[in-house]
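Asks: Let the sequences and hints guide you as you build the complete structure.
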Amino acid sequence: MEEIIKEFLKVGITPTLLLVLLYLIIQEPDRVEKIRSLITLPFFRIFKWFSKTHISSKVATQINEFLNSSIFSELTHSENFKIKVKWVENASDPIFKETGTLILRMKEENDQTKNILSAVHTALPHIICPLIRKNLNQTFEKSIDLAILKKLSNKLGRHGKIIFKKYFLDPETDLNSKIRDLLQKLQQLDEYGFFVPIFLNELELLSEELYSENDQNDYSQETLEFLEYLLTIVNREIGENIQLEYLSSPFKVSTIFLARSIRAETNGLRPYLRRLEINLDKGSETIYIIAFPTAFDFFKRLLPSLESHDRIFVKKIVKTVNSKNKIKSYQNLKIAILTRNEVYSDKLFEVKLEENNILVGSKVSGIVDDVSQNEAIINILGIRAHIVKSECSWLPIESCKDVLLKDTEYEFIVKKIDKSTSMIYLSMKFVENDPWKNVSIPIVGELIEVEFKFNSVNTIKAIFDDKLEVEIKHEELTWFLDSDNHQDEFIGLRKFVKVIEIDNVNHRIFCSLRQTIENPWPLIQNSLPINTELNGKVSEITDYYVRVMLPNNYFGIIPKESLEKAGNEYINFKDNVVIGQGIDVYVSKIFLKKQKIRLDLVRNKNKS
1 MEEIIKEFLK VGITPTLLLV LLYLIIQEPD RVEKIRSLIT LPFFRIFKWF SKTHISSKVA
61 TQINEFLNSS IFSELTHSEN FKIKVKWVEN ASDPIFKETG TLILRMKEEN DQTKNILSAV
121 HTALPHIICP LIRKNLNQTF EKSIDLAILK KLSNKLGRHG KIIFKKYFLD PETDLNSKIR
181 DLLQKLQQLD EYGFFVPIFL NELELLSEEL YSENDQNDYS QETLEFLEYL LTIVNREIGE
241 NIQLEYLSSP FKVSTIFLAR SIRAETNGLR PYLRRLEINL DKGSETIYII AFPTAFDFFK
301 RLLPSLESHD RIFVKKIVKT VNSKNKIKSY QNLKIAILTR NEVYSDKLFE VKLEENNILV
361 GSKVSGIVDD VSQNEAIINI LGIRAHIVKS ECSWLPIESC KDVLLKDTEY EFIVKKIDKS
421 TSMIYLSMKF VENDPWKNVS IPIVGELIEV EFKFNSVNTI KAIFDDKLEV EIKHEELTWF
481 LDSDNHQDEF IGLRKFVKVI EIDNVNHRIF CSLRQTIENP WPLIQNSLPI NTELNGKVSE
541 ITDYYVRVML PNNYFGIIPK ESLEKAGNEY INFKDNVVIG QGIDVYVSKI FLKKQKIRLD
601 LVRNKNKS
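The numbering of the sequence shown is our numbering, which starts it at 1 and goes up by one.
It should be emphasised that the hints constitute simulated quantities derived from the structure, not laboratory data.
This structure is a prediction, so every number in the text was calculated from the model and none was measured.
Check the hints yourself; a few may be wrong.
[What the hints assert, rightly or not] Result set (DSS-like, lysine-lysine): computed pairs, CA atoms no more than 27 Å apart in a straight line: (1) 347 to 401; (2) 319 to 363; (3) 495 to 453; (4) 161 to 151; (5) 334 to 352; (6) 363 to 352; (7) 419 to 473; (8) 416 to 467; (9) 315 to 134; (10) 495 to 437; (11) 461 to 594; (12) 565 to 537; (13) 406 to 155; (14) 134 to 185; (15) 334 to 315; (16) 165 to 178; (17) 419 to 429; (18) 151 to 134; (19) 461 to 429; (20) 498 to 406; (21) 560 to 589; (22) 84 to 151; (23) 565 to 594; (24) 185 to 319; (25) 406 to 334; (26) 467 to 401; (27) 453 to 467; (28) 437 to 406; (29) 406 to 467; (30) 419 to 347; (31) 419 to 453.
Replies: Laid out in structure tokens, this is it:
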């Protein structure tokens with residue numbers, strides 16, 4: 001392009017300018033109004049020439065920019081609209097459509113801000129939810145239009161807000177007080193980012209259905225109830241459980257909020273795909289997947305699975321700007337708008353299974369679409385499949401990522417087929433690699449050497465003979481009360497453990513580390529009579545107790561109640577007591593069955 005312009009410059013500046021203007025118009029046809037406004041601007045300011053051309057171009061440009069960027073870009077069924085502004089010739093001049101373009105004829109006005117608002121106000125009934133307006137009362141119609149005008153006036157600055165209030169808001173609300181109340185609710189939705197992409201979008205989608213069925217009933221009350229449902233989401237407290245499905249005719253809507261990325265990394269896509277299936281089964285026609293900034297990465301991971309899902313269409317991805325959340329801070333939202341695939345049938349899933357000869361027990365090849373700590377989504381010839389961590393290997397693994405890589409192909413075995421949810425469940429535990437058939441299984445009471453691999457929910461997973469998984473329950477690690485921090489200290493160590501239980505049905509072996517030595521608690525009870533005073537060191541601080549290491553390397557617990565009873569610095573012990581601090585205690589009780597030494601502060605003993 002630059003080389004071409006250089007050639008034209010040799011001829012003259014006029015052909016060059018014409019070429020540039022032509023190029024800009026071809027690249028973006030809507031630029032014609034902007035260019036016209038720019039060209040006429042100096043003549044208008046200096047000589048007041050081309051006033052009508054300049055004003056109409058400027059007004060049209062601002063109107064189109066607002067409608068296309070703030071409204072139509074967030075609606076699934078609306079394409080960019082183009083409004084032309086022409087000057088009124090007489091009071092009876094109509095508003096009419098010409099080749100898909102709405103042409104407004106407006107009166108001459110020195111205040112262009114008022115011109116812009118007037119033009120949009122006139123156009124809204126024709127371009128925003130036009131089909132459903134016959135199903136809503138005038139209060140709703142006017143409130144929706146005022147909510148959109150309010151958005152526009154905010155963009156026009158302080159003068160725009162004044163004009164909006166004086167010429168549009170006050171005249172309507174003075175006649176109908178209900179409009180003000182309804183407008184406040186719509187503005188609240190707009191502040192949160194729900195007004196256009198969810199509320200208006202649902203009205204647009206519903207209007208098509210009502211129009212096709214020639215349904216002319218008044219749905220104002222139902223629309224108000226739907227609005228109240230959206231407000232319960234907006235006003236929910238952090239952590240509050242609320243109903244996220246709204247299946248009250250004529251609205252059939254559900255919302256899914258994406259968790260923070262750290263949680264998504266653990267649980268993966270499966271819980272959300274399952275929730276999507278449940279919502280569809282319940283009758284949702286539209287589903288909104290909503291992500292806050294902390295979940296944007298996960299949102300990006302989820303999109304490919306949504307786009308390949310047989311039961312839905314991803315109609316639009318919307319990004320709101322400066323939405324206000326519950327705690328009044330501003331942030332962006334990303335919203336995926338999904339609609340039901342009406343031609344989907346469960347039979348399609350069965351046909352795919354039959355065509356590809358996929359049966360329970362058969363081996364299949366699949367590509368990893370997504371992988372997290374606890375599960376992975378696999379693509380098998382276009383069919384979604386699922387594998388959990390426990391099925392990824394015969395050996396204990398901490399994460400599916402230890403075995404599977406995204407976008408990589410692996411071989412699996414079909415463990416289960418659920419036709420009700422169109423899901424295949426997979427495993428990588430091939431029979432020929434089963435360690436129970438390839439390793440000599442130890443017997444109860446036998447001492448075996450194992451390697452501690454990782455800490456699970458209630459057990460530590462370990463490996464025997466580099467092939468066989470064994471489990472050591474947390475309470476079998478030591479004869480003394482332990483904590484999660486101390487359990488992690490075993491990871492990576494090789495130790496001898498005692499086999500205490502074998503589950504031949506489920507192929508599980510349970511071992512004990514503490515039972516490799518004699519139970520010390522009878523000796524402890526004899527060596528530590530009640531009221532024995534000791535000086536120990538703080539080894540752990542929790543909300544409910546302080547753990548103390550005693551001189552004989554035993555551990556005891558000072559309950560919260562005893563600490564607070566001591567007064568002074570111990571009332572706020574979590575803030576004032578530190579790890580490693582020396583502390584004077586005495587033995588208040590020994591629990592043989594619980595294997596616990598209860599301690600108290602010497603300070604309390606002296607008080608009594």
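Asks: Take the hints in turn and mark each one as holding or not.
Replies: Hints and how they fare:
1. 347 to 401: This hinted pair is violated, its Cα atoms lying about 33 Å apart.
2. 319 to 363: Outside the cut-off at roughly 42 Å; violated.
3. 495 to 453: It holds: about 12 Å lies between the C-alpha atoms, which stays within 27 Å.
4. 161 to 151: 10 Å, holds
5. 334 to 352: 33 Å, violated
6. 363 to 352: Distance ~16 Å between residue 363 and residue 352 Cα, so the pair holds.
7. 419 to 473: Not OK: residue 419 and residue 473 at ~37 Å, beyond 27 Å, violated.
8. 416 to 467: Judged against 27 Å, a Cα distance of about 26 Å means the pair holds.
9. 315 to 134: 26 Å, holds
10. 495 to 437: Since the Cα atoms of residue 495 and residue 437 sit roughly 24 Å apart, the hinted pair holds (cutoff 27 Å).
11. 461 to 594: 24 Å, holds
12. 565 to 537: Roughly 20 Å between the alpha carbons, so the hint for residue 565 and residue 537 holds.
13. 406 to 155: 44 Å, violated
14. 134 to 185: Holds - the C-alpha atoms of residue 185 and residue 134 are around 22 Å apart, at most 27 Å.
15. 334 to 315: Holds: residue 334 and residue 315 sit about 14 Å apart, inside 27 Å.
16. 165 to 178: The given pair, whose Cα atoms are some 16 Å apart, holds under the 27 Å limit.
17. 419 to 429: Between residue 419 and residue 429 the Cα gap is close to 23 Å, so the pair holds against 27 Å.
18. 151 to 134: Holds, at about 24 Å.
19. 461 to 429: This hinted pair holds, its Cα atoms lying about 17 Å apart.
20. 498 to 406: 39 Å, violated
21. 560 to 589: 15 Å, holds
22. 84 to 151: 21 Å, holds
23. 565 to 594: 24 Å, holds
24. 185 to 319: Between residue 185 and residue 319 the Cα gap is close to 21 Å, so the pair holds against 27 Å.
25. 406 to 334: With a Cα-Cα distance of about 24 Å, the restraint between residue 406 and residue 334 holds, given a limit of 27 Å.
26. 467 to 401: 19 Å, holds
27. 453 to 467: Given pair residue 453, residue 467 holds - Cα atoms ~13 Å apart, limit 27 Å.
28. 437 to 406: 31 Å, violated
29. 406 to 467: 26 Å, holds
30. 419 to 347: 9 Å, holds
31. 419 to 453: 37 Å, violated
In summary, the structure is inconsistent with hints 1, 2, 5, 7, 13, 20, 28 and 31 from the numbered list given earlier, while agreeing with the others.
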